[in-house]
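Engineer: Work out the full structure, taking the sequences as your base and the hints as a guide.
Here's the letter readout for the chains.
2 protein chains.
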Amino acid sequence: MKNRDNKLKQQFGEIIRKLRLDSGLSQEEFAHQCGLHRTYIGSIERGEKNVTLETAYKIAKTLDTPLSHLLLLLEHENDIHE
Amino acid sequence: MKNRDNKLKQQFGEIIRKLRLDSGLSQEEFAHQCGLHRTYIGSIERGEKNVTLETAYKIAKTLDTPLSHLLLLLEHENDIHE
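So the sequences go chain by chain: A and B.
Under my numbering, the first residue of the first sequence is numbered 92, with each subsequent residue one higher.
Under my numbering, the first residue of the second sequence is numbered 92, with each subsequent residue one higher.
For the record, the hints were derived by calculation from the structure and aren't laboratory data.
Hints are not guaranteed to be accurate.
Intra- or inter-copy, both count: the list cannot distinguish identical chains.
Straight-line alpha carbon distances no greater than 20 Å define the calculated EDC-like cross-link-like pairs of lysine to aspartate or glutamate that follow [said to hold, decoys possible]: (1) K149 / E168; (2) K98 / E120; (3) K149 / E139; (4) K98 / E119.
Structural biologist: Structure (C-alpha cells):
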C-alpha cells in the first residue's frame with residue numbers, strides 16, 4: 092500500500108506539473124491562481140504531498156479541467172485503481 | 092470558497108454513503124475493507140472530513156469504482172468544478 096500511495100502522489104504531481112507547464116504558468120503564477128503557496132505547489136509537483144480533495148479541486152479549477160478528468164488520466168496511465 | 096468546500100465534503104460523503112448502502116455493507120464492514128476506522132468513515136459520510144486523495148482512492152477501491160467515476164458523479168450532480 093505504501094508504494095502505491097507514493098506512486099499516486101508522484102503521478103498526481105507529474106500530471107499537475109505537465110498541465111501547468113502546458114498552460115504556460117510559472118509555479119508562482121499557478122500557486123497564486125490556486126490560492127496556495129508556491130512552495131506547496133512545488134512539493135505537490137514533486138510528489139511529496141498527499142493533497143486533500145479540496146486542494147485537488149482548487150488545482151483542477153485553475154487548470155480549467157474537471158478533477159475527474161485529471162484522475163482519469165492518472166488511472167489510465169497506471170491502472171492504480173485496479 | 093468556504094461554502095463550496097463544505098458542499099464538496101458533504102456531497103462526497105453522501106455519494107460514499109449511498110454506494111456503501113447499495114453494496115450492502117455496514118459502516119463497520121466497509122471501514123474494515125478500506126483499512127480505516129468506522130468512526131472516520133462515519134465522519135466522512137456526514138461531510139465532516141476533507142479526505143486526502145489517498146483515502147479517497149482506498150474508499151473507491153473498496154466500492155470497486157474508479158475514483159474518477161465517483162468524482163464525475165459528484166461533478167455532474169453539482170457542477171462544482173465550474
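Engineer: Could you work out which of the previously given hints the structure breaks and list their numbers from low to high?
Structural biologist: 2, 4
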